[in-house]
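Sequences are here, hints too, so could you generate the full structure?
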Amino acid sequence: MSKICSFQIREKGYNEKSIKEVVAFMQESSSAEENPFAEEISFQLTQRSCMAEECEENIVYGMALYRGTALEGEVADISSHRSVVERLMELCRRNGVTETTLFDVVEDFLD
9 MSKICSFQIR
19 EKGYNEKSIK
29 EVVAFMQESS
39 SAEENPFAEE
49 ISFQLTQRSC
59 MAEECEENIV
69 YGMALYRGTA
79 LEGEVADISS
89 HRSVVERLME
99 LCRRNGVTET
109 TLFDVVEDFL
119 D
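Positions 9 to 119 (this note's numbering) are the ones given, in order, by the sequence shown.
Everything labelled a hint here was simulated from the structure, so no lab data went into it.
Quick list of simulated restraints, FRET-style, between CB atoms:
no., residue 1, residue 2, range
1, Gln-55, Gly-76, 17 to 27 Å
2, Gly-104, Glu-65, 30 to 40 Å
3, Glu-98, Arg-75, 14 to 24 Å
4, Arg-95, Asn-66, 17 to 27 Å
5, Gln-52, Thr-108, 14 to 24 Å
6, Ser-57, Glu-29, 29 to 39 Å
7, Glu-62, Ser-91, 18 to 28 Å
8, Ser-91, Glu-65, 13 to 23 Å
9, Glu-62, Glu-29, 33 to 43 Å
10, Arg-102, Glu-61, 32 to 42 Å
11, Asp-119, Met-59, 17 to 27 Å
12, Arg-101, Glu-62, 24 to 34 Å
13, Glu-61, Arg-101, 33 to 43 Å
Remember, predicted model here, so these are calculated numbers, not experimental data. Think of the CB as a built atom: it goes at the ideal place given N, C-alpha and C, for glycine as much as any other residue.
Shown next as structure tokens:
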């Protein structure tokens with residue numbers, strides 16, 4: 009996944025059911041471990057300047073996933089709209105997104 013401003017969100021009727029389906033699919037399709045420690049996962053909003061030349065003056069928002077105090081994953085520039093990333097983080101919290109599924113969930117959210 010590239011970290012440039014072309015990752016701006018296009019509003020496409022995204023809803024909570026969609027993210028639940030993606031998370032369920034990723035958890036079933038990965039021969040991954042069960043996640044008995046889901047309560048330890050937290051998300052934090054990140055903010056930085058856009059890395060692409062054409063938008064370096066803009067602020068972009070992303071999110072970081074922590075398991076306890078350890079940073080387990082981060083997607084740096086999801087949107088220039090803070091509220092969009094806050095909504096995505098809330099959906100991830102409620103639906104048990106883990107470090108294993110984070111990048112796929114964000115990618116599907118952006119598509």
